[in-house]
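**Q** The chain contents come next:
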Amino acid sequence: MLNPTRVLLAVALVALIAFPLTGGGIFYIQLLTKVMILAIFAMSLDLLVGYTGLVSLGHAAFYGLAAYTLVIVQPGYDPMSILISLPAALAVCAIFALVTGALVLRTRGIYFIMVTLAFAQMVYFVFHDTPLGGGSDGVFINARPLVGWDEWRLLDLNDRTTLYFVVMALMVGVYLLLRRILDSNFGRALQGIRVNEHRMRAIGFPVFRYQLGAYVLAGVLAGLAGYLSALQFLFVNPEIISWHQSGAVLMMLILGGMGTLSGPIVGAFVFVLLEEFFKDDTVFGAFAKHWQLMMGGLIVLVACFLPRGLIGLVQRRRELGEAKHDG
Amino acid sequence: MDLVASILIQLLNGVQYGLLLFLVAAGLTLIFGIMGVINLAHGSFYMLGAYMAWYFATMSGSLLAAILIAIPLAVALGLALEWLLIRHFYERDHLYQVLLTFGLILIFEETRSLLWGDDVQGISIPAALNYSIPLTDTLSYPVYRLMMSAVCLLIALAMYLLIQRTRIGMMVRAGAHNREMTEAMGINIRLLFALVFAVGVALAAFAGMLASPISSVYPGMGNQVLIICFVVVVIGGIGSVHGALVAALLIGLAETFGQVFLPQIAGMVVYLLMAAVLVFRPQGLFRKT
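Residue numbers (our numbering), protein chains in the order written: chain A, 1018 to 1344; chain P, 177 to 465.
Isolated chain A, as found in the complex:
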């Protein structure tokens, strides 16, 4: 039967494609580009939290590492091919995930939350306290990477509409990739581990290796989001690694609905739009300066009353409807 969530998602995708063609303003094109980058970020976290049952509070580390890799790989004024800087950024994330993953996966539950946070904080201090990436003030990137080689160009990422479509394609690509992975034996094993780790181990699954695989994959995809973010704004500062960022992406995930792939996408959209709304001083006047108070209140309310997120609301109505149908 037609899944209403997917129908909604398809409609939303068509609307997203149509938006720049209808002459949507530059401001909104940039805002939506940012939202779609965050959607990739939130989906990557969902692989850990929603599907593997590992609650990470340090996911911003990968986002920031990839962004800073772009800064370090391409220091001068000349743009460099994306074929160099993107693989470098993803490789850095993969290596960091492999090393820290081997350590954090020795812990469970509350420990895991605290240890992931602590490692992210370590990365934060590396970029905050050392001149490696401009220190606490952050650093500008002088040119957007080239899509092409030598004289040949495939796309011009300086064009905002082009960047919008590239990011959209990547978001859809990540969605399809994760969908495919989750339907594979590897993905099913991860979901089994979330439900009952001991049983999976008893059946003979190498739980640690599967979890490490998920951790590395999630780190690399988060790195993709961080790289795109640096590429969009041409500016990076340590705050993108701060635990506020890790908390915010967790909030997006739960707001949308974890354990579903459309949830994080919906969550990223709603979270950023709400943030813009709370910050809007035409609505809230001088109080808009204290938008975090409203955001905090919202987060508390979601934690209390909306554990399955917005997607959960849609699904529950459908389940209720089906139950009525059967009865």
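Simulated from the structure, these hints should not be mistaken for laboratory data.
Take these hints with a grain of salt, some might be off.
Claimed, not checked - Each pair of labels, with its calculated beta carbon distance range:
hint, chain 1, residue 1, chain 2, residue 2, range
1, A, Ala1119, P, Leu337, 40 to 48 Å
2, A, Gly1152, P, Val455, 25 to 33 Å
3, A, Ala1160, P, Ile245, 38 to 46 Å
4, P, Ile344, A, Pro1104, 58 to 66 Å
5, A, Leu1251, P, Ile344, 21 to 29 Å
6, P, Val455, A, Asp1173, 30 to 38 Å
7, A, Arg1205, P, Ala326, 52 to 60 Å
8, A, Tyr1094, P, Ala326, 53 to 61 Å
9, P, Val436, A, Pro1148, 18 to 26 Å
None of these values were measured; they are calculated from a predicted model.
Think of the CB as a built atom: it goes at the ideal place given N, C-alpha and C, for glycine as much as any other residue.
Once you've looked at the hints, dock chain P against the given chain A.
**A** What follows is chain P alone, placed relative to chain A:
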């Protein structure tokens, strides 16, 4: 001679910093260990304590008076929070506890901003304690810091006696060991949890008050402390108060001496220490498996 004295000064500073961390981490580890709640907002209580101390001390002119006013307020805040929110999250997944307390951090920071603004504030050290003990011709050590360490040690001792030697302490230990069984024995676990939470809040706030004259009072000051205290709890072992004490001293000394001898990587020393502990004892130094 100067070398010995300066090492002694760093040693005293490290112990004092570690004992301060212990006050925050002790509440954190008890709340983890007994109630199974991860509380990210614990650092906010440290921040609120420091701001309350600054606010009341400026009003009354005495830090001691400020502390006496602020501690009951901190206890009341702890009880109210536990009753309103935390209590409903004991049985929920850690994920939602993270989300709830993350939201609380934003609320506390903005409330602080509304009440007291975003400026960095400072309190002067009380006159009675504002002198230094000379160590050599040029070096001396401030009495206020010694007093801080002494107060923290007294609290650690009081906690030890309370937990190991009294009936309430017995219930706390039983609750940390096996919640359901303790409840089945007829212990009022809800009241016990509320008390532990309120004491944890008060300890963190008190640490902020003690620290306010030597570190300035500034927005976000709790976050830094919170994350270091997470490391303390991880190293010491969840639920272990004496583990927290040893780990806090270890971290305090590592950070202080790190800043002297390895200033380039001082920020990372603490995390490297944590990584090392995770390799050899992932359950922490003092947690029985």
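**Q** Decide, hint by hint, whether the structure agrees.
**A** Hint by hint, here is what the structure shows:
Remark: the range hint 40 to 48 Å for Ala1119(A) to Leu337(P) is upheld by a beta-carbon distance near 42 Å. Distance hint check: the CB atoms of Gly1152(A) and Val455(P) are about 30 Å apart, consistent with the given range 25 to 33 Å. Between Ala1160(A) and Ile245(P) the CB atoms are about 58 Å apart, so this pair departs from the stated range of 38 to 46 Å. Between Ile344(P) and Pro1104(A), the C-beta spacing of about 59 Å keeps the proposed range 58 to 66 Å intact.
At roughly 59 Å, the beta carbons of Leu1251(A) and Ile344(P) sit outside the given window of 21 to 29 Å. Between Val455(P) and Asp1173(A) the C-beta distance comes to about 48 Å, which lies outside the given range of 30 to 38 Å. Separation of Arg1205(A) from Ala326(P) is about 59 Å and conforms to the stated range, judged on CB atoms against 52 to 60 Å. With their beta carbons about 59 Å apart, Tyr1094(A) and Ala326(P) fall inside the hinted range of 53 to 61 Å.
Between Val436(P) and Pro1148(A), the C-beta spacing of about 21 Å keeps the proposed range 18 to 26 Å intact.
Of the hints listed earlier, those the structure fails to meet are numbers 3, 5, 6, in rising order.
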